[in-house]
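*Asks:* Kindly generate the complete structure, drawing on both the sequences and the hints.
Number of protein chains: 4
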Amino acid sequence: MKDINIAVIGYGYWGPNLVRNFAETPGARVAAVSDLDDTRLAMVRRRFPGVHTTTEFKDLLNDPHIDAVAIATPVHTHFELALAALQAGKHVWVEKPMTENSRQAHELIDAARRFGRVLLVDHTFVYTSAVAKMREIIHSGELGQVYYYDSIRVNLGLFQRDVSVIADLAVHDFSILDHLLGEHPVAVTSSGTNHFPGTPENLAYVTLFYESGTIAHANVSWLAPVKVRQILVGGSKKMITYDDLEPSEKIKVYDKGVSMVDDPARIHEMRVGYRTGDMWAPRLAVTEALRAESEHFVDCIVNGTTPRTDGQLGLRVVELIEAASQSMRRMGETVYLHHDARHDAHHDAPRLTHRAVHHELQHSREATT
Amino acid sequence: MKDINIAVIGYGYWGPNLVRNFAETPGARVAAVSDLDDTRLAMVRRRFPGVHTTTEFKDLLNDPHIDAVAIATPVHTHFELALAALQAGKHVWVEKPMTENSRQAHELIDAARRFGRVLLVDHTFVYTSAVAKMREIIHSGELGQVYYYDSIRVNLGLFQRDVSVIADLAVHDFSILDHLLGEHPVAVTSSGTNHFPGTPENLAYVTLFYESGTIAHANVSWLAPVKVRQILVGGSKKMITYDDLEPSEKIKVYDKGVSMVDDPARIHEMRVGYRTGDMWAPRLAVTEALRAESEHFVDCIVNGTTPRTDGQLGLRVVELIEAASQSMRRMGETVYLHHDARHDAHHDAPRLTHRAVHHELQHSREATT
Amino acid sequence: MKDINIAVIGYGYWGPNLVRNFAETPGARVAAVSDLDDTRLAMVRRRFPGVHTTTEFKDLLNDPHIDAVAIATPVHTHFELALAALQAGKHVWVEKPMTENSRQAHELIDAARRFGRVLLVDHTFVYTSAVAKMREIIHSGELGQVYYYDSIRVNLGLFQRDVSVIADLAVHDFSILDHLLGEHPVAVTSSGTNHFPGTPENLAYVTLFYESGTIAHANVSWLAPVKVRQILVGGSKKMITYDDLEPSEKIKVYDKGVSMVDDPARIHEMRVGYRTGDMWAPRLAVTEALRAESEHFVDCIVNGTTPRTDGQLGLRVVELIEAASQSMRRMGETVYLHHDARHDAHHDAPRLTHRAVHHELQHSREATT
Amino acid sequence: MKDINIAVIGYGYWGPNLVRNFAETPGARVAAVSDLDDTRLAMVRRRFPGVHTTTEFKDLLNDPHIDAVAIATPVHTHFELALAALQAGKHVWVEKPMTENSRQAHELIDAARRFGRVLLVDHTFVYTSAVAKMREIIHSGELGQVYYYDSIRVNLGLFQRDVSVIADLAVHDFSILDHLLGEHPVAVTSSGTNHFPGTPENLAYVTLFYESGTIAHANVSWLAPVKVRQILVGGSKKMITYDDLEPSEKIKVYDKGVSMVDDPARIHEMRVGYRTGDMWAPRLAVTEALRAESEHFVDCIVNGTTPRTDGQLGLRVVELIEAASQSMRRMGETVYLHHDARHDAHHDAPRLTHRAVHHELQHSREATT
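Protein chains in written order, with this note's numbering: chain A, 1 to 369; chain B, 1 to 369; chain C, 1 to 369; chain D, 1 to 369.
It should be emphasised that the hints constitute simulated quantities derived from the structure, not laboratory data. Among the hints, erroneous ones may be present.
No distinction is drawn between identical chains; accordingly, a pair holds when it is met within one copy or between any pair of copies.
Derived pair list, reagent style BS3-like, types lysine-lysine, alpha-carbon separation capped at 27 Å [said to hold, decoys possible]:
{"no.": "1", "residue 1": "237", "residue 2": "252"}
{"no.": "2", "residue 1": "58", "residue 2": "2"}
{"no.": "3", "residue 1": "237", "residue 2": "227"}
{"no.": "4", "residue 1": "133", "residue 2": "227"}
{"no.": "5", "residue 1": "252", "residue 2": "227"}
{"no.": "6", "residue 1": "252", "residue 2": "133"}
{"no.": "7", "residue 1": "133", "residue 2": "237"}
Here the structure is a predicted model, which means the values were calculated and not measured.
*Replies:* Here you go:
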């Protein structure tokens, strides 16, 4: 069977990883790389002598030997490039976030369907063995009801020019949450700031509310003195920590929790009791996530299947970025999320109106005051 | 000179620390301990045979040999007990938070002034050598402009019956921030939840906005599998990490940051550059905070001076708890803080109206959109 | 039943822990404390008004109400004090190491037997839940054959005046090893040094060889910039790490190891294969070790049973200190250990002659060259 | 100026790093790669289409366009390959350890001198910014007298077939010590074992004694459940920790130590006092060590200068491996090192006889007994 010929668009920060990775993926071949900057392309020619390079993106679309393009350019160019590629009959891999706004995301989904091409959004974390293990633990029921998800992604990071830290870092939590919970948030509140005039927000806090009662939070920053990549997931039975900077034992499962005491004789005492047990760090597969994702892309093209991180997931993530950004600009004002039957179809989430959600949530909150 | 005779009210979780500590403070003597539960008092008698015990709080107020009382009872009893003690002419040490609401806090401040007695609110962190060092670094200008304060206080903690996790844990950040910044927030947004019906919120996220542009955030929870007590403070020149669980090197100062590049030739590139230098962990004094606080209390009584953590600071903290709780119940709605000239007097903060603050903040936010 | 009346001899570094601990042990009562320095005794009187104090050790021996003495004085005084106490009919608790040399240890064992009194050597680590868990894992066979024990105990520590760092710190490993393995080493080699003329060695490395093939090593120092208390135990099936400074998860069990590959087709390749699986941190009981040890002492007195850390264990540890010290002074020269049938009785170790051990060990070593 | 044409011999574990690295080193060009296994060479051809590959090492020596060879093959082949390459007029880069024994090392040094070629031994750690910073701190006098060097290098590591863990891991400490101290040890003692019959020792402890009083220790193992790469260096003024697994802050300098108290009034107390001050983590250059080493190799070839890690350093390291292995086989027996004036020339170390060293060391040791 013939190898899938892939062209990589953009050889900046992420592009080299894509080239290296597709070069080593069975069934794939890096046919070409394009970038506006020829000095970047010179690096490609030195490292990968057999790969064609061009500064003209259009050349790649016109080349009938190229089956698929992988887009690793600034976010504001994603829509135009991906749409042109789909229209030219190419399969598309596009870096996260999928597009600048949900309208564009809808259009790409339509185009992919219309032209019958695979559209994969590069939410790499979904392909890590750590996230896969967390999903397995949650779906097996071992964790119990998911009480909360709490993520910290901070470091002295590359300030993006065209997107805020939410679209750069919290985006990872949005895709992980979508994959783990299979439930879409009903409301978002966010606060954040930019410390340099005229630049996007470099520090943000996002809270997501779910109908099931789960609460999720992401603390993201490009301006921290230390690098932290830590997630806590608390359930009614067990709790998980996920430290992505740990070389091994990234995932730890704690047999810890609390339980309500319903003893009328102890009515005046603490009603919440503790439970602490063993901790367990499951062995994780050592496959690189990007490799697994590349193989999955090739597989979807060959077999005509839908990627795990398809346009719908990409759209849901873009919607969360929009909602969080809107709330952040309004200093934390709650933003409710429309539930559109179409893109939530496979999640079986009920369609809620604004009012119903609001009522529901207020109700649960007021019970505690 | 005669020792100050102190009675400790409440021998539950915190009371034993107070008794042990006052027992070892020069110039102080633990004269009596009261608790409603005599089995708790039996522990006092066994450990401290010379200390008088009683289940009747009133006995202590009527005892003319007792100079001061230290109140370590549930929050909802603070106001009544402290007021009675001040009226009985006793100096008062009251555990944090000072009272259930700001109205009560105002009344206690008035009573302390009227009866000429010392009123100290037990915000212990203000007396730690770590916070003192952070304040010194900030006030020396070494950190530059304070960009943000980010705190995480989570563990599998004691669920409080009468107050939420904000009043239990975020309260520490409120007092530390007050001490570090000398500036009162202008607005608060908060989200959180309780996972057990009929109990206070056990997990919360609080964001504070300051007029100077500083943003502060506290992530607090009683329901985490691991214990974390970590603060990041980012400035325009340097950044600090404070890990309270580190046995030594609690405070680390990083000579790291970003700087804006204003080179027109690089207009298409990243405008924010990095700066990384040495890290430095200053030696901290090893005095126990509670001991320093006890000595400070005795000193204020003897010399008639105002405590570092006086009623005014206690009130400002209670106001933040109120505002954060209100925002949390409204799912993140921004709550603006009144600036009352009276209690902000020594901070020289301008009095802002709701409108002005809102305009100011919106303005800075919109500059980035 | 009457409480056991205990007198504590020496109120320096460790004495206060003993007093506090026995004061809270059911069935025990701290009747008296002696110390040569009356300012130390004043601290006792302030803290424990009911406890008799004296600078005359002899007073305690003559007091018929005192049932037992706990000796927490410098090592060179242990023998004389413990012997006098046994002769006066008191049960004896003596701080580690038991005595300055093995001759004295033999005499104390004889005296305890002659006078029918309990003799407990305070090897506290044997009573920790962490060591108990390690023993359980080893004895259950879960670890497989014990390949090695590797310990690091370093910090900027109190320089002892009368004993070297081996007697101060490696002593813990000697007692833990005795408890874990139930096998006595056959040979010892050690190197170390003192960095200040006229003081005992402050840094040492000790290697113990066992007939079963286990090798043990202790790296001990009073002159390290950081505190480390870490033990690795490697078995043929699993491996353990024990970090005593971890607040929780002190013990971690790794399902890791290597296995020999006997595939003739792979004769030119690596013959050792890897195996990595889950990690597991068992929950540990939270009892304080010193409390468990105190209760065990009281229990041995009441029921006339032999302590887990009896004189025989104390003697074996002293023999290892002697052998390691001798080797250290000779720059690593191997010192073989006599196996005396008497004190090894309950370990069922065969009596080996020097020659046999030497031959045995040389043989196994030469197989590899 | 013409690029230096380099051939890499051996494309197993380390070879790919050398190829990648020389490919990116200015002034160098990877002309050819040889390996006995053509499937390994196929990987080269796929990744680096322009590089010539061969299973015949001799082809490379006969190729007049090749200026230098880098040898990354098993240790027992180093001598023969390096000698042939030097005789063929090639400059030689040889992986550590240089040779199987010191006689071979002498011969290579002679050959390099005779044929006027550069001979660099690949002791990569010497080129790290961390070791450079440690050397700078020691040589500036900031650390004071070097009291000790203590290293731990353990993990579940690749079991070598032809050399022990000393030649594989302790070799790093030997080269680092040579570079840091500029002093050669006078005596070595070592213990260790193999846990699998017929394989080299997989766990070893090595102690080195220096005339200046410095003591060095390396704890190395291929059979640990966790990876540790940690060095402590203690001086009379300050102390250093070096954790190679830390992503940043690898080097920490502690202003800590002890000082002797010579107060006659305190003659009965502890004579050693503490000193604790700040900790400081200097910023390290981010250059990859292997890159710096490659550039240094090219520079030595172009300018005819002597490498920092020349044959003499390589020889001294091989001598330490020999001595440590001999001591290990004799269960810790001290092995004294000959000091040959020739290869120690640039260190200005005095030539010591066995007797003098022994006397000197015994003397210092006995002062403490």
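*Asks:* The structure should be examined with respect to each hint, and the outcome stated for every one.
*Replies:* These are the hints, each one checked on the structure:
1. 237 x 252: Result: close both inside a copy and across copies, 14 Å intra and 22 Å inter.
2. 58 x 2: Within one copy, since 24 Å is at most 27 Å while 38 Å is not.
3. 237 x 227: between (30 Å within a copy, 18 Å between copies)
4. 133 x 227: Both ways: residue 133 and residue 227 sit 23 Å apart in one copy and 23 Å across, limit 27 Å.
5. 252 x 227: The answer is both: 19 Å in one copy and 14 Å across copies each meet 27 Å.
6. 252 x 133: both (10 Å within a copy, 20 Å between copies)
7. 133 x 237: both (17 Å within a copy, 25 Å between copies)
Of the numbered hints given earlier, the model fails none.
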